[in-house]
Amino acid sequence: MKALSGALSWTGLLSVLLATMSWSSMVAGAVDGATKRRIEGVFDKDDHTNNWAVLVSTSRFWFNYRHAANTMSMYRTVKRMGIPDSHIILMLADDVACNARNSYPATVYDHPQKTTDLYGDNVEVDYRGYEVTVENFIRLLTGRVSADTPRNKRLLTDDKSNIFIYMTGHGGEDFLKFQDSEEINSYDIADAFQQMWEKQRYREILFVIDTCQANTMFSKFYSPNVLSIGSSAKGENSYSYFHDYDLGVSVIDRFTYYNLEFFEKVDMASKNTMEDLVGVYNVSLLRSHPGVRTDLFGRKLSETYLTDFFGSVQNIELTAEAFPIGQPESK
Amino acid sequence: MRTQFPCARLTSAAAVAAVAVAMLVAPVLGLDPPSSVAAPNESFSEDLFLRPLADGKVLLHFEFEFQRRHDEANSTQHHYHLFPRQIGEIALRYDVDELHLSFTQGNWRERQWGYPPVNSQGVGAEARARIRGSDDHIAAQWTGLTNALSGVFCASLNFIDDTNTVVPQMVFAESQKSGRAGVLRQGYLPRESVCTENLTPWIKQLPCQSRSGIGALLNPHRLYNMHFHSMSMSLESVDLSDSGKPGASALRYTQQLSVVLDPRAFGLEDNWSLSELMDTHVPHACPVADRSTVRVLASPGSGLDVKPKASSKTSLAGLDMHVFDMLKQKGKAPADIELRFNTPKLSAGSSVDPIQPAVAVHRFVTGHGGSSGGVETTLTNRGDKPVDILYLDSLPWYLRLYSHTLEITAQKTDDGLEPASAELGMPVKLTPSASLFTPAIDRGRPATMELALTLPAHSRTTLRYSFDKGFLKYTEHPPDANRGFNVGPAIVSYASTAASDQTSGKDHGYQPRPLACAIKETLHGESSSSAQCTVRVYSELFLANMPTPDFSMPYNVITFTCTILALFFGRIFNLLTRDFAVLDPVKKTSEKNEVSVD
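So the sequence lines, in the order shown, correspond to chains A and B. Letter 252 of the first sequence, counting from 1, is numbered 254 in my numbering, and no numbers are missing. Letter 229 of the second sequence, counting from 1, is numbered 314 in my numbering, and no numbers are missing.
If you're looking for bench data, these hints aren't it; they were derived computationally from the structure. All C-beta atoms in this analysis are idealised placements derived from N, C-alpha and C, irrespective of residue type, glycine included. It is possible that part of the hints are untrue.
Just some of the chain A residues that point at chain B, by a computed CB distance under 10 angstroms [stated by the list, open to error]: (1) 95; (2) 106; (3) 127; (4) 132; (5) 183; (6) 184.
Label pairs and their computed distance ranges (CB to CB) [to be verified]: (7) A:37 / B:412: 53 to 59 angstroms; (8) B:561 / A:150: 37 to 43 angstroms; (9) B:356 / A:123: 25 to 31 angstroms; (10) A:44 / B:529: 53 to 59 angstroms.
Next up, chain B with everything else stripped away, as it sits in the complex:
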């Protein structure tokens, strides 16, 4: 008997059949069926933060977290239940202590939107990993890791090689806790796009995928119709102080997705619900989640009505937080969360967030022409106190950085934006308290500059340097050469404390706090006063226009040379080498006459 089963259907049917057989056979043979509850050393939680922004757009921040305790007794067996096996095995295989990967599109407009919910807002793909071992070993493992991640996330991360890998010593060092070995490498691909093919494997790592839970709201048709999109995953070891065992460690894998959407683009005005915004059904909580919440953050006094009544109402970083516990809705039809805006419609782009971030970074390329240019970075400190920042900038090898042209001047301002008025004082030259320059090697590594600066309170610091454009071989240009090369962002990192976050010199009545820090603290139950949180701000990218060669020249040269050879060389050669002799016509006729006489 020959039966044809389609491949896709066979797997699910076979799985069901196998389980059914197992359930029937196992009791007969006296065996216990495998445990169907979550392994006790793994946990999963999902949260969604929804925040209407000042200019009428909406910020959605999805956070999915897996925690997996290290099982000392069973350290050779790696059994994964909820924790995605792909990530666990990649981390194990490539000796990775800490891994961070993010895909971003769109610039974070910090004036209109305030603090970003994630620390990496750099456009493109950023991969960062701390790998253990010797230098050669780390180099090999880094290549293997980027290739493996490119396969998992359907991205061309395999383009990360020595020419775009940076080894920052100062900027990401806060994650190097004591006893943690390994060198941190960061690869940046500013030209990498993000689309549904990156979201598909990312969703497949969630235990409930996009069938239930907060993951059911991940509709790519809405997520990519956006003003800002950042999808990231990070893997790190954490110490659990509440486990009862001192020094117990766990592996934490966090998947974060932040999007800024404009409801007006979807035809929604003042009153819309979450399912209308995402164009999905209202989800139930994921059954294996320990915690499943939707939290609506509203600026106090913004006139926002949230329905239905929240499970609890607290505050987060100066914003009112309405918490909806999805797990409590088990067994009932899940309630859709509706928002109604009572304030008059705001015109797009005119409004500014009441809480401006303390530190802002904007970077621009200057100059014109194909031989040289410059970079100018504006670092704004809106805080009441000076802030110690670490600044990381890197240029690809073909933009030859001249470190002697580096100039840093600070200018006091009213609110960090207005041009200086006379009573604010003259610009002051700033000297970095520490600096680390790694010069570029042609086709080997990029140029890196790390500086430790102290930005004065209420100031705008301008950092300038020049570069020359190097010459690229014609094979090194990308297929769309006339576009130019994207250059990765500058990264500023600083420690957020109560003092540094205060920005307006007056007491708001609440403590402004970077949103990324506040979210992390509220989800992990830490208190804001004790924890020191590192905030990172990324600048924009810029396009470096390199002089492009005429790509048709090899063809032209071949055609021209061949034409010359074919047409002219032959003729000239004949003209030069043939000997021309003139024949005497008289002698010839007499010979003829002699013949005819006979």
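Looking at chain A on its own, in the form it has when it is part of the complex:
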């Protein structure tokens, strides 16, 4: 072992470690071929490496409290399952928690008993108020944001990202209303997804939508690797669930409530699959027929873990051998 003179900074320590590694690999000879193939196999593995979530509530006004509560339920779920705030884009069209009409300020509840505060103490809303528009949503998805847009308002995905996109609000056949003044239709979202596919901005997308006639919103998708779940079929409404007499509004929608109830029993180490989630939907309780579209999705629902979309699981390969990260240029 060479004697090393003390360097007084961490960069020194790092360079020392790298030197030690490369020195020991030189002494040990070439890395074993099988190990090299195994380690390289990790990089070639066809699996996602990062998870993103885009959660959108498109409704304005106090009486649409439940749409903000829906989105906050998904936010809570996704954070509990491990996706950090830096990988969540939360879009709330109106401020419901600190609204002057809210007799419980800084809270959003999903149940009249007010057992769970969905807003909590640690929430980061990326697009709020008037910023939640169709144009901003499509720009976010396709990445065509203005140069000044800060990092937390950009969807910085790559070709190995799994994205969970959740939308809620008032909708109809092939459209979703944004802020009571404009609409996005299913063709727009389908084209945005196709642009994302062409620019390699996702590996798989889970698209969940809770609006009236939600299943029509994903009927026009044509890009690969998109799994869609909607709360109601064409011609059906999606219904709200609890009415809170303190707040004076309905606090959650049925579809999202049953999703939340399922996820409250699940944690980030869960091996549950998407089939378990879809199996929970009960048509008589939901009062609508939720739809699942799997023809564009490459895998079977029973083989797709919940944490593939809702969690942020890192696959780690542990090895005791040294592996050269890059060969130094020999001049």
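Dock chain B against chain A, hints included.
Then chain B, alone, in the frame of chain A:
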């Protein structure tokens, strides 16, 4: 072997593992571990001022201050230890000399509550920055700065553009010290709300966040259940005269949060403690703070018992100040501060603060209808001496301000409120000693009016002007168009001196002083007589109701036109262009007979 680690857990586990490895490996290789004490050129202090108000509510003012000396030797390396790196890098990147950002909700009721603890009480979001460079450069940097701040504080500050940016020349000029270049820009968003998502990144900038120290008292469920809330941050360069080196400068970053809470809303009556009020545990001092205090301000003779015994008892702006030094409680269980009110319960809203602010501003919109209106501002000077004020008012471009309709009249009053009686004299027309009008450009910039006025002693000055409502394109209306547009406040600024603060003509036995000035002086160890402090008073907002178009008209026109085309155009076209000929029935039967004969 394939292991699955959740992302969130990996970071903290990895950090612990990395530190452990470093600690073990470093001595072996003969390296020193990195320094774990605070960098000598940075300091942090935290203070909480608690003041029960005259109408039974409570004012809490949190103040967190970072100071970072400029390291001349190391000016290219920017190593941040306690100072939040986000803010340092934003200031560096956008050539910012001075930055101020505040989020406020609720009106400051100056009659009941006295002087506010902060200088910006304007509802909504206010961003002010002094940027160096040429005009084009400043415009680009301003856009970049507002976008960057919107990302940091989770607010829609990116809506600040030319139509709501004002370049005040007179009002904020006192901060333009000699040698400091840069143009001050102020962007105002009166409709911006403030909620937990703004508090979350603000708390994350504190070194101890909400885990220990005064920051542990920041419970959003209490902070937003309030009558007034103002959360601000300001960044400025200060000259340190006590550093031993003449002209040594430092960067000071101050985070302030002021709230007015009503303990009765939380079920607390005459006897409550700080942890009960904020619904948190009693905090220890933040370990990296140089100073960590809780100060209770009580009006003398108000019958307030404060337990436990304070570390020191002094006075601040005429109020008794009980100082609790949290750093002295290291190693012991921190003591909860209890307040007991011995005076009978006060009915809400009936009481008035004994120290009324010297200058008060209230602004209202007048007129009715969708074509025109007016603005009326009442400036009250309760002081014994005339006060020189600077008045800044701006209207968005669609409220077309007529500067020739500006009228300023002053009326002497008994205490600034009572209607004038005959012996007080007739209203007097006031002329501003300096005025600066910047007319609006449609969709380009707002109209700005800056006036320098001298308000007579014990008077109420009324400032009136008219405006016409312009016409907005239907795409320029917000989604909730029927609400109208919030219009930002008028700002009055004046220098607070001993003479100007005297308000009742009689000697109280103490020197009334604006609370914001007093707090600043006591925290920085300046004496009140020498320092001149600028006080700013913000008026209320108003809602301008613009005539809204019928947003369903484009749909109506399309449907109507298509119906006409489909149903009527075809038929009319056929009627007009087809030629109708009558067939002769007789000729036809004879032809038929001829055929059948064969």
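Restraint satisfaction for residue 132 (chain A) [CB to CB of chain B, less than 10 angstroms] | With a minimum Cβ separation of about 6 angstroms from chain B (threshold 10 angstroms), the hint on residue 132 (chain A) holds.
Can the hint on residue 95 (chain A) be confirmed by a CB-to-CB distance to chain B that is less than 10 angstroms?
-> holds (8 angstroms)
Range hint 53 to 59 angstroms: satisfied by the CB atoms of residue 37 (chain A) and residue 412 (chain B)?
-> Holds, at about 55 angstroms.
Using 10 angstroms as the Cβ threshold, decide whether residue 127 (chain A) counts as touching chain B.
-> Holds, about 4 angstroms.
Interface hint outcome for residue 184 (chain A) [beta carbon to chain B under 10 angstroms] = Since the shortest Cβ distance to chain B is 8 angstroms, the answer is holds.
Have a go at the residue 106 (chain A) hint: is there a Cβ in chain B nearer than 10 angstroms to its own Cβ?
-> This hint holds: residue 106 (chain A) lies near chain B, its Cβ roughly 8 angstroms from the closest one there, short of 10 angstroms.
Beta-carbon spacing of residue 356 (chain B) to residue 123 (chain A) - inside the hinted bounds 25 to 31 angstroms or not = holds (28 angstroms)
Take a look at whether the Cβ-Cβ distance between residue 561 (chain B) and residue 150 (chain A) falls inside 37 to 43 angstroms.
-> violated (22 angstroms)
Hint validity - residue 183 (chain A) Cβ closer than 10 angstroms to any chain B Cβ | It holds, given that the least Cβ distance between residue 183 (chain A) and chain B is near 4 angstroms, below 10 angstroms.
Could you tell me whether the CB distance from residue 44 (chain A) to residue 529 (chain B) stays inside 53 to 59 angstroms?
-> Once the Cβ atoms are compared, 57 angstroms apart, the range 53 to 59 angstroms for residue 529 (chain B) and residue 44 (chain A) holds.
In summary, the one numbered hint that this structure violates is 8.
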